[in-house]
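Participant: Sequence:
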Amino acid sequence: MSKLNKTFLSLLEELLNESDNDFDTVLKQYKDSRNNVKQLIANLFMNHGDDGVLDYNTVYMTTIIDNFNESVNTELNKISAIELLTTTAILQTTYQKSYYKSAFVLEQAIGVNVNFNHVNDFILNEFINQNWSGRHFSERIWLNQNALRESLSNNLERGIREGHKLDKIAKVFDEEFNSKAYQSQRLVRTETARIISEARDQVYEENGIEQVQWLATLETGTCSDCADLDGQIFDRNDPMRPKVPLHPNCKCDTVPVIEGGTNIRKDNETKEYIPYATYEEWEKANSI
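Note that our numbering has the sequence shown beginning at 1, numbered continuously upward.
It should be emphasised that the hints constitute simulated quantities derived from the structure, not laboratory data.
Any given hint might turn out to be false.
Stated by the list, open to error - Keeping only pairs whose Cα atoms sit at most 25 Å apart, straight-line, the calculated DSS-like set for lysine-lysine is: (1) 31 with 78; (2) 28 with 78; (3) 171 with 28; (4) 97 with 284; (5) 6 with 97; (6) 38 with 165; (7) 78 with 38.
What the hints assert, rightly or not - Restraint-style ranges between C-beta atoms, simulated for each label pair: (8) 221 with 85: 40 to 48 Å; (9) 122 with 142: 21 to 29 Å; (10) 129 with 206: 14 to 22 Å; (11) 62 with 24: 37 to 45 Å; (12) 25 with 57: 38 to 46 Å; (13) 57 with 122: 33 to 41 Å; (14) 153 with 6: 44 to 52 Å; (15) 43 with 241: 51 to 59 Å; (16) 139 with 60: 30 to 38 Å; (17) 57 with 24: 40 to 48 Å; (18) 71 with 284: 27 to 35 Å; (19) 161 with 85: 25 to 33 Å; (20) 135 with 182: 16 to 24 Å.
For glycine and all other residues, C-beta sits at the position ideal for the given N, C-alpha and C.
Produce the entire structure from the sequences given, and follow the hints as far as they go.
Facilitator: Quick look at the structure:
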């Protein structure tokens, strides 16, 4: 594997890890809300239970469950709000970093100044709001929360009807929250991979890169489809070329094929290339 390919893969890993770290705020809210809801269940059993179980008619023929569900909705709305804000911020930051750092890596690799634009809010919104998978990520967030809300309600009703004790119902709620937290993280990881790829494609387009090579992150669990694509070269403008991410949690990458496949030119003003030792110096020199 070339140094250029290794650098692009390292940058991909760096940006995905940063996304995971920033998303910890959402996962903490999932945990806090899960604990709060479990406390609500405990209070429900303590205040209205008899011999460790709840009487179905007692709780469902009154406003007890309605009050409980209202409190649960408050917790789930907390999750949705912070998840939407955090995901949007992650994608905005990731696009900018992927765009500028990819331009830097390309410039260092080929030894000439590359073309790039300063990322503005219009560019960010254009790429972040693409419905690339049929639904905007914000819609998926709300759908996930509605599914969690419905699942909690159904499991609580079934548990009470079947005479389940507190610990059994609480365990089911644990599983539901943990499952939705995983799905939430998978969503942001997939969206992050997509936005990294979109930013890189923009750099490639602006600098005449005509072909890209698929690089699979080969590790335990790499899917066979991604592994089969590893090393294959595609025309960048080919509408049939596979796009990253190929599937949820995909960590593959596409890197530029630059040997004879680019029309990049030196800076027309200075007619020379000035190498920069670090990304920070390059960033400062370009007023980013």
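Participant: For every hint, state whether the structure bears it out.
Facilitator: Verification of the hints:
1. 31 with 78: Cα-Cα ~12 Å, so holds.
2. 28 with 78: 11 Å, holds
3. 171 with 28: Holds, because 19 Å separates the two Cα atoms, which is no more than 25 Å.
4. 97 with 284: 14 Å, holds
5. 6 with 97: Status holds; Cα separation ~17 Å.
6. 38 with 165: Given that 25 Å is the threshold and the Cα spacing comes to 13 Å, the pair holds.
7. 78 with 38: Holds, at roughly 16 Å.
8. 221 with 85: 40 to 48 Å: For residue 221 and residue 85 the Cβ distance comes to about 31 Å; the hint is violated.
9. 122 with 142: 21 to 29 Å: At 25 Å between Cβs, range holds.
10. 129 with 206: 14 to 22 Å: Holds: the Cβ-Cβ distance is about 21 Å, inside 14 to 22 Å.
11. 62 with 24: 37 to 45 Å: 40 Å, holds
12. 25 with 57: 38 to 46 Å: The hinted range 38 to 46 Å holds for residue 25 and residue 57, with Cβ atoms some 42 Å apart.
13. 57 with 122: 33 to 41 Å: 58 Å, violated
14. 153 with 6: 44 to 52 Å: Cβ of residue 153 to Cβ of residue 6: about 50 Å, so the range 44 to 52 Å holds.
15. 43 with 241: 51 to 59 Å: 56 Å, holds
16. 139 with 60: 30 to 38 Å: 32 Å, holds
17. 57 with 24: 40 to 48 Å: Roughly 43 Å apart at Cβ, these two residues keep to the hinted range, so it holds.
18. 71 with 284: 27 to 35 Å: 51 Å, violated
19. 161 with 85: 25 to 33 Å: Taking Cβ atoms as reference, residue 161 and residue 85 lie about 38 Å apart, which means the hint is violated.
20. 135 with 182: 16 to 24 Å: 19 Å, holds
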